[in-house]
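Following the hints, put chains B, C, D, E and F in place on chain A, whose structure we already have.
Here is how the chains run, residue by residue.
Number of protein chains: 6
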Amino acid sequence: MAKKIVTMGEILLRLTTPGNSRFVQARSFDAIYGGSEANVAVFLANMGMESYFLTKLPDNEIGQSAINFLRTYGVNTDYVVRGGERVGIYFLEKGTSVRPSKVVYDRKNSSICDIEVEEIDFDSVFKDADWFHLSGITPALGEKCIQLVEKAVEYAKKKGIPVSVDLNYRNKLWDYAEFEKVMVKIIKDVDVCFGWIDDDSEKGHKIADFAKQGVDLKGFKDIFSSMKKRFNVKYVVTTLRDNYSATHNAMSALIYNGEELYQSKKYDFTIQDRVGAGDAFAAGLVYKLVNGSDYKDALEFATASCVLKHTVEGDFNLCIESEIMAITGGNTSGSVQR
Amino acid sequence: MAKKIVTMGEILLRLTTPGNSRFVQARSFDAIYGGSEANVAVFLANMGMESYFLTKLPDNEIGQSAINFLRTYGVNTDYVVRGGERVGIYFLEKGTSVRPSKVVYDRKNSSICDIEVEEIDFDSVFKDADWFHLSGITPALGEKCIQLVEKAVEYAKKKGIPVSVDLNYRNKLWDYAEFEKVMVKIIKDVDVCFGWIDDDSEKGHKIADFAKQGVDLKGFKDIFSSMKKRFNVKYVVTTLRDNYSATHNAMSALIYNGEELYQSKKYDFTIQDRVGAGDAFAAGLVYKLVNGSDYKDALEFATASCVLKHTVEGDFNLCIESEIMAITGGNTSGSVQR
Amino acid sequence: MAKKIVTMGEILLRLTTPGNSRFVQARSFDAIYGGSEANVAVFLANMGMESYFLTKLPDNEIGQSAINFLRTYGVNTDYVVRGGERVGIYFLEKGTSVRPSKVVYDRKNSSICDIEVEEIDFDSVFKDADWFHLSGITPALGEKCIQLVEKAVEYAKKKGIPVSVDLNYRNKLWDYAEFEKVMVKIIKDVDVCFGWIDDDSEKGHKIADFAKQGVDLKGFKDIFSSMKKRFNVKYVVTTLRDNYSATHNAMSALIYNGEELYQSKKYDFTIQDRVGAGDAFAAGLVYKLVNGSDYKDALEFATASCVLKHTVEGDFNLCIESEIMAITGGNTSGSVQR
Amino acid sequence: MAKKIVTMGEILLRLTTPGNSRFVQARSFDAIYGGSEANVAVFLANMGMESYFLTKLPDNEIGQSAINFLRTYGVNTDYVVRGGERVGIYFLEKGTSVRPSKVVYDRKNSSICDIEVEEIDFDSVFKDADWFHLSGITPALGEKCIQLVEKAVEYAKKKGIPVSVDLNYRNKLWDYAEFEKVMVKIIKDVDVCFGWIDDDSEKGHKIADFAKQGVDLKGFKDIFSSMKKRFNVKYVVTTLRDNYSATHNAMSALIYNGEELYQSKKYDFTIQDRVGAGDAFAAGLVYKLVNGSDYKDALEFATASCVLKHTVEGDFNLCIESEIMAITGGNTSGSVQR
Amino acid sequence: MAKKIVTMGEILLRLTTPGNSRFVQARSFDAIYGGSEANVAVFLANMGMESYFLTKLPDNEIGQSAINFLRTYGVNTDYVVRGGERVGIYFLEKGTSVRPSKVVYDRKNSSICDIEVEEIDFDSVFKDADWFHLSGITPALGEKCIQLVEKAVEYAKKKGIPVSVDLNYRNKLWDYAEFEKVMVKIIKDVDVCFGWIDDDSEKGHKIADFAKQGVDLKGFKDIFSSMKKRFNVKYVVTTLRDNYSATHNAMSALIYNGEELYQSKKYDFTIQDRVGAGDAFAAGLVYKLVNGSDYKDALEFATASCVLKHTVEGDFNLCIESEIMAITGGNTSGSVQR
Amino acid sequence: MAKKIVTMGEILLRLTTPGNSRFVQARSFDAIYGGSEANVAVFLANMGMESYFLTKLPDNEIGQSAINFLRTYGVNTDYVVRGGERVGIYFLEKGTSVRPSKVVYDRKNSSICDIEVEEIDFDSVFKDADWFHLSGITPALGEKCIQLVEKAVEYAKKKGIPVSVDLNYRNKLWDYAEFEKVMVKIIKDVDVCFGWIDDDSEKGHKIADFAKQGVDLKGFKDIFSSMKKRFNVKYVVTTLRDNYSATHNAMSALIYNGEELYQSKKYDFTIQDRVGAGDAFAAGLVYKLVNGSDYKDALEFATASCVLKHTVEGDFNLCIESEIMAITGGNTSGSVQR
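Top line first, the protein sequences correspond to chains A, B, C, D, E and F. Residue 192 in the numbering used here sits at position 192 of the first sequence, and the numbers go up by one each step. Residue 227 in the numbering used here sits at position 227 of the second sequence, and the numbers go up by one each step. Residue 147 in the numbering used here sits at position 147 of the third sequence, and the numbers go up by one each step. Residue 168 in the numbering used here sits at position 168 of the fourth sequence, and the numbers go up by one each step. Residue 145 in the numbering used here sits at position 145 of the fifth sequence, and the numbers go up by one each step. Residue 314 in the numbering used here sits at position 314 of the sixth sequence, and the numbers go up by one each step.
Just so you know, the hints here were simulated from the structure itself, not pulled from any lab data. A couple of the hints might just be wrong.
Heads up, the list lumps identical chains together, so a pair's fine if it works in one copy or across two of them.
[To be verified] Lysine to aspartate or glutamate pairs mimicking EDC-like chemistry, simulated, CA-CA at most 20 Å apart:
hint: 1; residue 1: K172; residue 2: D59
hint: 2; residue 1: K172; residue 2: E61
hint: 3; residue 1: K265; residue 2: D216
hint: 4; residue 1: K185; residue 2: E150
hint: 5; residue 1: K127; residue 2: D273
hint: 6; residue 1: K127; residue 2: E323
hint: 7; residue 1: K108; residue 2: E61
hint: 8; residue 1: K102; residue 2: E313
Next up, chain A with everything else stripped away, as it sits in the complex (with noise of 0.2 Å):
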C-alpha cells in the first residue's frame, strides 16, 4: 500500500520572464506556484505516494489556484488552511551561460506568516502517517511558523513518524544566528538531515562553503561525522555541485550514515531550469528510504532525480520512477523514446 507522507511549509506563486528574458523586457509572466516542501509533495504523489501538504492559502482566487495546482498532481490538499493575506510571490528570471538566474522575492506578510498553530489538525493529519519532511524555510518566515514547525516535528517524533529536515538556509530570509538557534532543535534526532551545520569553534557552528574553500571527503567525513554526534541525525546528506555556467553544471552526492560516507555517481548535463532541483534529490532520498530502499541505492535515485529536474521546466520534478531508474541505470543519451 502507498506510503503516506506529510509535508509542511509555503507555497509561492512563481512569476517568470518568457524565455530566458530579463524583468525589463517582460510583458508577461509564465504564472505556477511552487515552493521546497510543495515540491516534494508533488514529487512524491508523482510517484504514487499518498502526499498530504500543510499550509495556509488565502481565501481568494490565487489561493484556489495554488491548491488547484498543487491536486493537478495528486496532492491532498485536504488540511490546507484557507485564510490570511495574500499568497507569496517570486519573480524569477531565468539566466543562460554567464548570465545567471535572479529571484526577485515579494514573500512578506504572506498566509502562512499568519498561521495558529491551532488551525492544523495534527491528529488527522498524521494519523498512520510513515514520513515528515519539512525545510528550514519555513521557520524563517517568523515567529507562528517557527511555532508551527516546533509543534509539528515534537508531534511527529512523539507519534514515530521518521523526520526529515532540508536546511536550505538563505541568507536573505534571516541570519545564521538566529537560524541556528532555531534549527538545532528541530534536527535532534530527526532520519535525515539535508546540509549540515558545522561545529567550529572560532566561528562558532557554521553552513560551510566547501565549494569554495576546498573541502575533500575526507573533510566531509569529519564534519558529518561530528553532526552525527551532536544531533543524533541518523543521515546526513548532501549535494556536491559544480557550476561551470548558468545552463551547465555538473553533480553527484554525499551520505553518511555514521559511519561510511558513500559518493554517488557523477553526472554532467545542461540545464532548463535549476529551482526547485534540491528539492528533487531530498524527495527521491525520501522516497526510496521510506519505502524500504538501502541508504545507497536511496543516494542514486535522489541524485538522479536531482539531475533530471534540471530538464523539467518549473519547480516540480515531474518524472515517472522509470525515468530516474533510466538514469541511475547508466541511459544519459537521451535517444527519442518512440
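Structure of chains B, C, D, E and F alone, referenced to chain A:
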C-alpha cells in the same frame, strides 16, 4: 509650449489572465503597470504635455519595470523615489457578457506606503507646473500617504497651481467616515472635483449611488450646487454610465460650473478593457482645461476619451487627439483608416 | 457534510484552434479535456461536493493528463480504470457571428469502448453516494458501454441512489431507433431526465425539434406529461434556446414535476464558448436537488449556471456559487468586482 | 472539369498587432500575406478552381514565404516572377467598437513596381483560361504596372477570356484624375465591373460616395445604366454597407445587367476581420459566373461570401461552398456543427 | 528540367508540447504534419524537384490541413486519395540533456490503413517519374498497406524507375519476423537501401545494433557486402550516430557500392529537433543521386542535410541547397549571414 | 553628475522569427527596434548616463513605436526628427549549432536617408556633451547621411567633444573604396576607433580579415601602430572572436594606445542573441572612458559587456553595471541570484 502637469499616486503591477480566462485557468499573466494617476500622466504625455509622475518604487527590477513602462509613453519619472519593500499588485480577470471582471488586490505594504514627505523635492517638481492632479486612492493607502497628499495639495494651492481631484472612493480601501474626513480638506478650493460628497442631513455626507436611486438632472444640479458652496470647487464633474453587461455599456457625463449643468453626448459601445476609463475621462478634461478650452468642449472631449479607452487593452488610453476628435465629431462608424 | 455524487462517461482531449481561427489556419491547438459527464463532475467538485468520475483511460501520458485535468478542479479519480488504446479526441473550431462552431470527432476506439463491467468496483464507488448522473452519449459508444451503463443504473436504482440522465442524443453517434431502444430502459424510474422522448403514434417515439416546430408551453406540458406517465420520471427538464448567431443567444428553461410546468427567467447573452453549456445546466440542477432545493429554485440556478458557462472558455463551468446566485438575483450588469 | 482563372496583382506582407492591441503596444506582429487579387485567387482555389496568380516577388525568404502562403491554399504560383527589391508591407491594427482599424502602408518600391511586361509568359498563363480578374490597385503602383495591366487585359480580351475588374480606388495610392484616365480604358468591354465611375457633367466622372449622399435604388440604376452605356460592361456590381461600428455592420449588394437592378438579401453581423471582404465578394461572384450561374444567384452567393469573410481572421475567405450556401439558405444561427 | 520523384506513405498530425515542456504540463500543442516519406517529399520539393506524395487522408478539415501543409512547401498532392476515418497522430515531447524525447503514438485505424490499391492511379502518378522512394513504416500499417507497397514497388521496377527504401524498422509497429518477410521482397533489386538486414546464421536475418556491439568498419563492410549479394541492392547506406545526450550528438555516414565502403565527414552538433533527421539524410542522398552525382558526394550532401535538419523545428528539413553545401564545405561556424 | 553622450544613426524595426524557427515557418515576428548607435545609446542610458539619440523617423505609429522603445530604457529622444517615408526593417532568423543566423534587409529609402543637415539643432544637442559616438553604417545610407555625419563629427571636434567611431563595415551596404574615402576623413583625430583600416601598399587600405589570415599579436600591433600614425586616433580597439558555432563562441579584445597593445581576458560562452554584441562592446568602452577609467579597465569592462550581451534577447545589452563587474571579477558560474 507644452503645459507641465504633475500627478502623484501609486502605480501597480497589473497581472491579467490571458483573453478572458478565469483566474483558476491562468498559466500566465499579462504584465503591465497602471494606477489612477499614472493613467492620467500617460494620457497627458501622449497628448504632448510635459507630464511628471510622483511615486515611490522599490529599488529592484520590478520597480524599474514600472518606471520603464511610464517612460515608454513619455512620462517624466526623474522625481520618482526609490526604496521601500514592493510594488503593489492587482490581479485582473476580464469578464464578458453577464460575467463581471474581477480584481484581486495584493497592494498592502507597497513602497509608497513608506514614503516620507521629505523624500519629494516639491520645489523642483512643481517649478513652472501648470496643473496638479491626484485621486482619493492615495490617501487611502495609509497615514504617510495622507501626509504626502495634504502637503502636496497645500503646496500646489499656495503656488497657485490649479488642482484636480478624482474622489475615486473604494470601500475596500477605507471606510467612508475616514474618507470624508480626509477628502473634504483636500477638495477645498480645487478647480475640478470628479465625483461628489453628498450633504445629506440624515445620512451625513455621502457619495450617493445615483444609478440605483434614479436621480435626475435636477437632482444632480442640487447636489453639485451644494458641493460648490461647501467646498468652493470650480467644476464638479461626473460620468453617467449604463451597465448593460461586462462588454456593453452606454455613457455620458455631466459638468457643473456653479451655474449651469451641462450634459455631454451619450455613446453606446462595446468594451475591450474597462479599467482606467475613469482616468481617461479625468485626463481628457484636465488636458482641455489646462490648454484653455471651454468647459463644455472639455467635457465632450473627456467623454469621448473615456469611451475610446474602453476599446484599448490595459490601463492607459493610448489614443491620439485626432482619434478622440473624430469621436466627438460623431464618427463612431469604425471604418478602416487606410 | 458534502454530498457524494458519482458520474460516469468518456472524457476526451479537446483540441481547439487559437482564438476563432479556422482549422486550416491552425498551427497549434489549445489542449484541454472535457466530456458531458466529466463537465458535470467538475462543476459539482467546484461547488464543494465529493465528486467521483468513472471512466477508462489509457496508461500513457495523455491518459494521465486527462486525470490530472480532473484532479485540478477537485474531482476524485481514484476509480478511473487505466488501459485500452487511446484517449478520444474532438477538434473544435469556434465560430463567430454567422459562422458556426465546428466539431470534428476522432473518438472511435477510445479506451472506454473496451471497458469491462468488472473493471469497476461498484460497491466502493457507490458507497454512501447521494446521486448518480450519466448521459445518453456513453451507451452510444458501443456494446460494452451499453452494458456498463445498464449495470451502473441498475445498481444505483437498487441501492436507492437518485439518478439523473441527460439524453443528449447525437445523430452522428448512433441512429435514433437504437438510441430509443437503449434509453427507454435507462430512464425508467429515474429522478431527472434532461430532454425527452416523444410518443408520436405516427413517427414513433422521437426527440422532437420544437424550435423548428413552434411548440408552445401547452405543447411541452403535453409531451412531458406523457414522458412522466410512460417512464415514471420525477422531473422532465429542458432548456429553450434562441440562436441569433454563434455569439449571441437567449435562453430559458422548463421543468415539469408531473403537475406543473415551470419556466425560468430568460437571459440574453453573448458567447465565449458554448460547449458544455448543457452540462452546466444539468450540473446546476443536480447540485440544487441533491442539496434539497425546491425544483423551481433548482431550475433558476441551473439556467443561470448554463448562461454563465457561455462566458467561460473550455468545457467546464468554473464559476462559484455566489457568481451564479448573482445572476439569478438579477445582476447581469457585469460591473467590475473590485 | 475545374475552371482555370488567372488573377494578377501585388501580394503584401501583412503585419497585424496581436488581438486588437494598438501599434504602440505591439511587441510582435502576426505575419500573413494578402492583397486584393491574391485574396480572390485563394478563394477560387479553395472552391476547387485551377487558380493562377501572377506577380513579382524578391528572390529572398520573405518572397518565398509569400509564395508558400499562396500554395498552402492551392494557388498555382508557377508563373510568379522572382526579382526586385522587396515585398510590400502593410501594418494593420484591428479596431473594435468606436475605434476604427488602422492601416500603415509601407509598400513603395516593392518588386512588382519593377516588373517588365516581358517577364510574364502570357501565352502559357492564359492558355485555356476561363476568366481573368484584376483590380484598380495594380495600375496605381506605377508606370510599369500600368503597362502590365493594359497588356494583360488587352491579351485576355483578344483571346475572348472574360474579364472582371474591381475598381478599388484608394486615394492614398493615386489621384482621381490619373485613376480615371487609366481605368476607363481597362473597364471598356469587360464582363464585370465592381464599383463604378460616375458620369457627372459638373464634377467629371467620379466614384460617388453614395453612403453619404443618400442615393436610392433609382439613383443607382441611373448611374449603372450610364456605366453600361459608356463602357459596355456586362455587369455593374457593388456592395452596400452600413457601418455601425468597427465590429458591427450590415450589408447587401446590387447587380445591374443592363436591364434590371437586383438587390441581394441584407445581413447583420459582427466583425472579426474586415480586410479582404470586398475581395471575397468579387471572388464569390466570379466563381458563380464562371461556373454558369444566374447573375442573381451569383450575387446572393457573393454577398454571403462577403459576410462570412468578416468572421475569418486574415485577408482570405477560407470558407467552403457548403458554408456559404448555408448562409444564402438563411441559416445564420451559428449552431454548433457537430 | 526538374526531376519527378514519387514518394508514398502516411502523413501524421504531430502534436508537440511547447518548448520542451512535459506532456503533463501542456495546455497546448504545436500542430504540424509529418511522416517519413512526406518529409522526404518536402525536402525534394524544397530543392526544386517535382515532388509527388501519395497517401490517403480523411475528407475532413484535419485531412485538408495535412494536404495544405504539404502544398505550402511545394509538394504535389493531386493524387492523394480522400476518405477513411482519421488522420494518424503522434504526440511528441522534446527532451533535453539527459531527458530523452518521448513519442506517444495514436495512429491506428488511420485512413491509409483502409487504402485499396485501385484507389491509386499508378499510370498517371508514375508517368515520367525519375525515382520512387518509400519506407518500411508503410507496410507495417496493415495488410492493405503491404499490398499497396508491393504493388507500387513492382510497378516502379517494371517501368525501370529507380527505387530507394528506408527500412526504418520500428518494433512498436510490427515484430521482426513479419518485417523481414515483407521487406526482403521489397528491397530486392532496389537502387538504395537505407539500413540493412543482417544475415546471421544463428540469429537469422536481423537489423543489428552496431552502436552497442562495437562493430567496426570492417564489420560493416562484411554485412553490407552480404546485403549486396542477397538482395542485389545498388547502394547500402547508413548513418552512424553518437548519442551524447538528447541535445548533443555526433554523426557520420557510410555508403557501400558493392566494392568500396565510403565514410563521410563526422560532425558534432547540438539538437533543436531530432525527428525527421533520418529522412533528411535519405532525401539528401536521393536528391544527389537522381541528379547524377557521384555516390560519395551524395553521401556527404546527405550527411550535411541530416546534421542541418537537427537545427530545424518540425519534421521537415527546410534548408536550401546553398546552406547544405556550406556545411559540406566545412563552414559550421554559424557566423551571421547578413 | 551623469555624463551626457550623443549618438546618431538609424534605428530599424527588427522582425525576428519566434524561437529559432526559419523564415518560411514564421506566422509571426517578434517586433523590437535596434541599430548600432541606438544600441549604444540604450546601454549608456541604462548605465545612468544622459543619453541622446539622433535620427529621423516617419510621422506614423511605427516611427512612434521606435521612439517609445528607446524611451523605455531612458534614452532622450527630444531631438529625433520626424518625417520621411518609412522605418527601415531587418528580418532576423536566429540560427543554432551549425546553422547560422540570417538577416534579410529591407532598409532602403528609410526616413534617415532623407535627412537634411539643417533638421538637426546641433547647438542644442551638443551643449555640454561629454562624448559623441557614431558608426560607419550611417554614412553608408546615402549622400545625405554622409553630409550629416561629416557635419556632426566636424561640429563635435570643433567643440572639443571626444568622438568614437565604430567602423562597422558592411559589404552589402557599400563598396570598400567608397567606404574608405568617407571614413578616413571621419576617423581622423578621433578618440576611439573600433576596427581599423589597413595600410597595405599592394591591396591599398583594407579592413583585414585576421581570423582567416592568422595574424598574431605582433601583427595587430603593427597595424594599429600604423592606424595611430596615419589618423591620429587615440585608441584603436577590436574584439577577437572564435566562432565555434552559431550558439557557441569564445572571445577576447585588444586595445592599443599608441604604445602598448593590451589584451583582455578571454571568455567561452553560449549565445542567445548575437546581434548588438559589438555595440555592447563599444558602449562598454565609451562608458568607462567617459567616466575616467583606465583604458585597460575599460577594455575588460567592454569585453564583459559584450560577452553578457550574447545572453540577452534583442539588440540591447540590458545589463546593469554590477552584473558586468561580476563577469570581469571572474564569476561566470551562473549561480542563482536569490
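Against the structure, the hints:
{"no.": "1", "hint": "K172 <-> D59", "in the structure": "between (28 Å within a copy, 16 Å between copies)"}
{"no.": "2", "hint": "K172 <-> E61", "in the structure": "between (29 Å within a copy, 17 Å between copies)"}
{"no.": "3", "hint": "K265 <-> D216", "in the structure": "within (16 Å within a copy, 30 Å between copies)"}
{"no.": "4", "hint": "K185 <-> E150", "in the structure": "within (8 Å within a copy, 51 Å between copies)"}
{"no.": "5", "hint": "K127 <-> D273", "in the structure": "neither (36 Å within a copy, 44 Å between copies)"}
{"no.": "6", "hint": "K127 <-> E323", "in the structure": "neither (32 Å within a copy, 37 Å between copies)"}
{"no.": "7", "hint": "K108 <-> E61", "in the structure": "both (19 Å within a copy, 17 Å between copies)"}
{"no.": "8", "hint": "K102 <-> E313", "in the structure": "both (16 Å within a copy, 16 Å between copies)"}
Of the numbered hints given earlier, the model fails hints 5 and 6; all others are met.
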